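Asks: The chain contents come next:
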Amino acid sequence: MSPRVLMRAAAWIAGGVTALVLLSALLGGLGLRWDPLGFDRRRLERAEAGAALGRAEADARRLEAQGAADQMRRLDQFHQREATVGQVTAAALDQARSAADAHQPLETDRADRLRRHDGELCGIAPDLDGCAGAAGPAGSGDAAVRPGDPAR
Amino acid sequence: MRLVLPEAATRPCALATLPADPAVGDLEAAYAARGGQIVACDAARRLAVQTLLAERALQDRARGAD
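Protein chains in written order, with the working numbering: chain A, 1 to 152; chain B, 1 to 66.
Heads up, a few of these hints could be off.
[Unchecked claim] Distance ranges between label pairs, derived from CB positions: (1) B:Asp60 - A:Arg55: 16 to 22 Å; (2) B:Ala54 - A:Gly50: 29 to 35 Å; (3) B:Arg56 - A:Glu48: 29 to 35 Å; (4) B:Arg11 - A:Arg55: 38 to 44 Å; (5) B:Val39 - A:Ala102: 34 to 40 Å; (6) B:Met1 - A:Asp101: 54 to 60 Å; (7) A:Thr84 - B:Leu5: 18 to 24 Å; (8) B:Val49 - A:Gly50: 37 to 43 Å; (9) A:Glu48 - B:Glu7: 41 to 47 Å; (10) B:Val4 - A:Gly50: 27 to 33 Å.
[Unchecked claim] If you want the footprint, here are the derived chain A segments under chain B, 3+ residues with CB under 8 Å: (11) 71-78; (12) 118-129.
Keep in mind the hints are simulated off the structure, nothing from the lab. None of these values were measured; they are calculated from a predicted model. By construction, the Cβ of each residue, glycine as well, lies at the ideal position given by its N, Cα and C atoms.
Starting from the given sequences, assemble the full structure and let the hints guide the process.
Replies: Here it is, written out as structure tokens:
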């Protein structure tokens, strides 16, 4: 095969490729796509799935942040109430112990009745703080002995 | 999605009891202490319930967002 024939064949091939590129660009410009294996569709589906996952994770983070903030607000309210109750109760205890008759012994019958009732309550709920069976967190079931303290 | 249950909500309630050989002041003190204990315990109960309900609401909303 002569070099002249080879050059002519190369020119035809280059012309054909150029024509294909131009035709593809023209059809692409008109909105026509040739994607027989669906690569573009799959790429689009992957991108949409990724975006949906990102949105779901962002929503979850936002809900968590909102839930944590609400919980902090509830805890603040609880601590405020707990502190206020402690203050007013401490004042009432001081007054009770400094009353003129604070050290007057209770009548034996009354003291026995009240202490019997205390014992019944502690028998029903021995893990209450103040009863002999008081333990750690509620429902733990441990039986660490803790003496009763009427001031608590 | 879980909220942390505050330690305060896990504590048992307190019950003031009379000491041996109680005096009038002990009775009055126990009466006052029990009142405070009821209010404090109710606040802890309320906190526990609110935490549970808030956690359920968050889980429902998270499921709705899926």
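Asks: Now, for every hint given, state plainly whether the structure supports it.
Replies: Hints, verified against the model:
no., hint, result
1, B:Asp60 - A:Arg55: 16 to 22 Å, "holds, 18 Å"
2, B:Ala54 - A:Gly50: 29 to 35 Å, "holds, 31 Å"
3, B:Arg56 - A:Glu48: 29 to 35 Å, "holds, 31 Å"
4, B:Arg11 - A:Arg55: 38 to 44 Å, "holds, 41 Å"
5, B:Val39 - A:Ala102: 34 to 40 Å, "violated, 24 Å"
6, B:Met1 - A:Asp101: 54 to 60 Å, "holds, 57 Å"
7, A:Thr84 - B:Leu5: 18 to 24 Å, "holds, 23 Å"
8, B:Val49 - A:Gly50: 37 to 43 Å, "holds, 40 Å"
9, A:Glu48 - B:Glu7: 41 to 47 Å, "holds, 45 Å"
10, B:Val4 - A:Gly50: 27 to 33 Å, "holds, 32 Å"
11, 71-78, "holds (count 4)"
12, 118-129, "holds (count 7)"
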